[in-house]
Amino acid sequence: MDWLLVLPLAIPLFFGVVSILARNNLLLQRWFGVLGMVVLLVVSIAILIGVRTQGILVDQMGNWIAPFGITLVADHLTAFMVLITAIMGLAVAIYSLANIDAERESFGYYPLLHILLMGVNGVFLTGDLFNMYVWFEVMLITSFVLLALGNRKEQMDGAIKYVTINLVSSLVFLSGVGILYGMTGTLNMADMAVRLDAVDSPGLVTTASMFFLVSFGIKAAVFPLFFWLPASYHTPPVAVSAIFAALLSKVGVYALIRVFTLLFVQETGYTHQIILWVAAVTMLTGVLGAVMQTEFRKLLSFHIISQIGYMIMGLGLYSPLGIVGSVFYVIHNIIAKTNLFLVSGVANRIAGSFHLKHLGGLYRKHPFLSIMFIIPAFGLAGFPPLSGFWAKLTLTIAGLDAREYVVVGIALFVGLLTLFSMTKIFAEAFWKPLPSDRPKPAAEVEGIPGVAGIRTMMVPIVLLAVMTVVLGLGAGLFINVSLDAAEELLDRTRYINAVLGDP
Amino acid sequence: MKSLILQTIARLLLPLMILFSVFLMLRGHNEPGGGFIGGLVGAGAFSLYAVAFGPASARGVLRADPRTLLGLGLLVTVLSGFFAMVLGDAFLTGQWLIFHIGEADFHLGTALLFDIGVYLVVVGATLTVIFSLEEEST
Amino acid sequence: MEPLLAIMAGFLFASGLYLMLRRNYVRVVIGLILISNAANLVIFTMGRLARGNPPLVATGETMPAEGFANPLPQALILTAIVIGFGLLAFALVLAYRAYRELGTVDVDAMRVAEPPYPGEKTVSGTPDQEEA
Chain A
538 MDWLLVLPLA IPLFFGVVSI LARNNLLLQR WFGVLGMVVL LVVSIAILIG
588 VRTQGILVDQ MGNWIAPFGI TLVADHLTAF MVLITAIMGL AVAIYSLANI
638 DAERESFGYY PLLHILLMGV NGVFLTGDLF NMYVWFEVML ITSFVLLALG
688 NRKEQMDGAI KYVTINLVSS LVFLSGVGIL YGMTGTLNMA DMAVRLDAVD
738 SPGLVTTASM FFLVSFGIKA AVFPLFFWLP ASYHTPPVAV SAIFAALLSK
788 VGVYALIRVF TLLFVQETGY THQIILWVAA VTMLTGVLGA VMQTEFRKLL
838 SFHIISQIGY MIMGLGLYSP LGIVGSVFYV IHNIIAKTNL FLVSGVANRI
888 AGSFHLKHLG GLYRKHPFLS IMFIIPAFGL AGFPPLSGFW AKLTLTIAGL
938 DAREYVVVGI ALFVGLLTLF SMTKIFAEAF WKPLPSDRPK PAAEVEGIPG
988 VAGIRTMMVP IVLLAVMTVV LGLGAGLFIN VSLDAAEELL DRTRYINAVL
1038 GDP
Chain B
9 MKSLILQTIA RLLLPLMILF SVFLMLRGHN EPGGGFIGGL VGAGAFSLYA
59 VAFGPASARG VLRADPRTLL GLGLLVTVLS GFFAMVLGDA FLTGQWLIFH
109 IGEADFHLGT ALLFDIGVYL VVVGATLTVI FSLEEEST
Chain C
3 MEPLLAIMAG FLFASGLYLM LRRNYVRVVI GLILISNAAN LVIFTMGRLA
53 RGNPPLVATG ETMPAEGFAN PLPQALILTA IVIGFGLLAF ALVLAYRAYR
103 ELGTVDVDAM RVAEPPYPGE KTVSGTPDQE EA
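Listed in order, the protein sequences are those of chains A, B and C.
According to the working numbering, the first sequence is numbered sequentially starting from 538.
According to the working numbering, the second sequence is numbered sequentially starting from 9.
According to the working numbering, the third sequence is numbered sequentially starting from 3.
Distance condition first, Cα-Cα at most 25 Å in a straight line; then the derived DMTMM-like pairs of lysine to aspartate or glutamate:
id, chain 1, residue 1, chain 2, residue 2
1, A, K690, B, E144
2, A, K698, C, E122
3, A, K894, C, E116
4, A, K961, C, E116
5, A, K698, C, E116
6, A, K698, C, D110
7, A, K690, A, E832
8, A, K698, C, D108
9, A, K690, C, D110
10, A, K902, A, E832
11, A, K894, C, E122
12, A, K690, C, E103
13, A, K690, C, D108
14, A, K690, B, E143
15, A, K698, C, E103
16, B, K10, B, E143
17, A, K690, C, E116
18, A, K894, A, E832
19, A, K698, A, E832
20, A, K690, C, E122
According to the in silico footprint, chain A covers these stretches of chain C (three or more CB under 8 Å from chain A):
id, region
21, 93-101
22, 110-116
Please keep in mind that the hints were generated in silico from the structure rather than gathered at the bench.
Just so we're clear, the structure is a prediction, and the values are computed from it rather than from any experiment.
Beta carbons: idealized from backbone N, C-alpha and C, even for Gly.
Produce the complete structure using the sequences and hints provided.
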């Protein structure tokens, strides 16, 4: 019994509810937004410390013994994800102070943000497959509303695609849960892992695993299921784009890692080989899409897809080093990618556009912002000593160990193209002089205007840039910690024993 | 559209339906019923009133904003789970107070508190939707 | 009984998928509704169909009587139905809002978020004409 594990769910819910009750007082809501994230951060640090010192933490809801009740479980991977969720929540909450307009705030932006984080944490913490479906839906419904909030035409268009495809993905997930329940008679993931090994037709299990690959693949936006992401992520305000880019597709990656290390390890030669090739094609198509885009946030959206490929690649290799690479890549990428989205918002604030054609001259006027762009951008492309380099290095070594030379080659080539499209943004938006023939900035500028707003927006940007550098310089330490996470994921008995009790 | 019959009936039915919804909620403890269905009946009472007299007067009868009810309900639900923490049990473990009144045992527990929270959430959420839809159409 | 329900679920999946391939967004939503019911049917069938006793513990007993029906799939379906109800209601409202904002329910004609590239052929006309 560990009370800590309930708190990442209860705290956002509590602050969300308080924000609903304080709906006429926007000032109070804003500060509850920041305060809630700070409390969440403290709790998630406590969980990480707990996992480091005591191993896997388990909490049985309502005192029902596993596998009958709902279990909350936190291993290393979960603890990392909950921590990074809290950090991103804090960064976006601060950024929202200057980025979200009063109309959106009065329609419940802050309650939705809190509940979104509750859903995300729920997916990370739950040890029950059906419960995971429920948390996915909590996350989805709030993300639907956040995406459509504001009722602009592009938002409606983006939301239709996002909502439809994500609903399909949920239904595929639900059918998969139903079929697994029919095979095993349980929903607790640890119990299910034990019973799946005893199922006498492994082909059936592999078939069922494809439901999960498709469903989580849609949520994680892997090839060929990614088309909803670049169609929708650039339509809401930057703060919403940033939190989506930070968390939602990574929740899909987390779910993939969880089920394909815990449940479906019967025919790794088949399933994980599929994952590996999906990863390679995802990287390539994502980055090729990014190369031809000229809109700041659309370009970054395609990069999300490309980076998802790297995260899945480690899972596909299914070796300790591969999983380390995946875990490290997820953490590094959440920080760097969110930061780039936040920078795009500041660029939009200054120059009044998201289109690279209409941007320019930022380096001359705002050199500090340019540095804050270069750090995450080069981190993403994999420049030493920034975090992306170590993540890619780990994956490359793991790939070479597994003799997957083609996939490694694709990964390195994609890194090159990533650098190319990052320099394209830098050259167009920062270096080139401001074009004189650009159209008058449309009503694209959001939130509080003026310098004060920009200062507030710079706070999370600097914070995340520092984290990218620290993660790069302290990579050795962090890779050691990720190694513990990978060992835990590959040795299923530890998870199973922690949940069901020692045999 | 004003209908005298509907208005008269709605005025009479409102307290009856609210009473019935509370009965359903309390009955849910050991028998079919519960906060969800009780909340729906309670919301039905106010939406009937809104159909008869218009959403503005229904809001007047309800006094509180439905969204406040929604928030309060969620708060009550969460807090009912935390009672167990004070007593050292896992989250959401039922905690019971048992009174003996004459021959009968009277069980009062956190499950009831949870149900009251659900009731408020359902009433709040349903009425938020129904009122705003009616206000848009008029 | 199980094969019948399995065929039924498959039929619902197929019909839903067919509707989702239409250009009219309202039909897409109806397709989603069908698929959501198909998924619920899958869970129901997977819980094994049996004529069992109610899964209730009689007064003075500690276990339910032998041969009781499995209540868990029904609880799961109830949850899934409620969640699906909320999500589909949202999808319908979204379709309505999108129709008001964009003036069309043709998903191919919704090109605001992803404007066509120069020289790209775009769809014109309403989906109803196409299908009439």
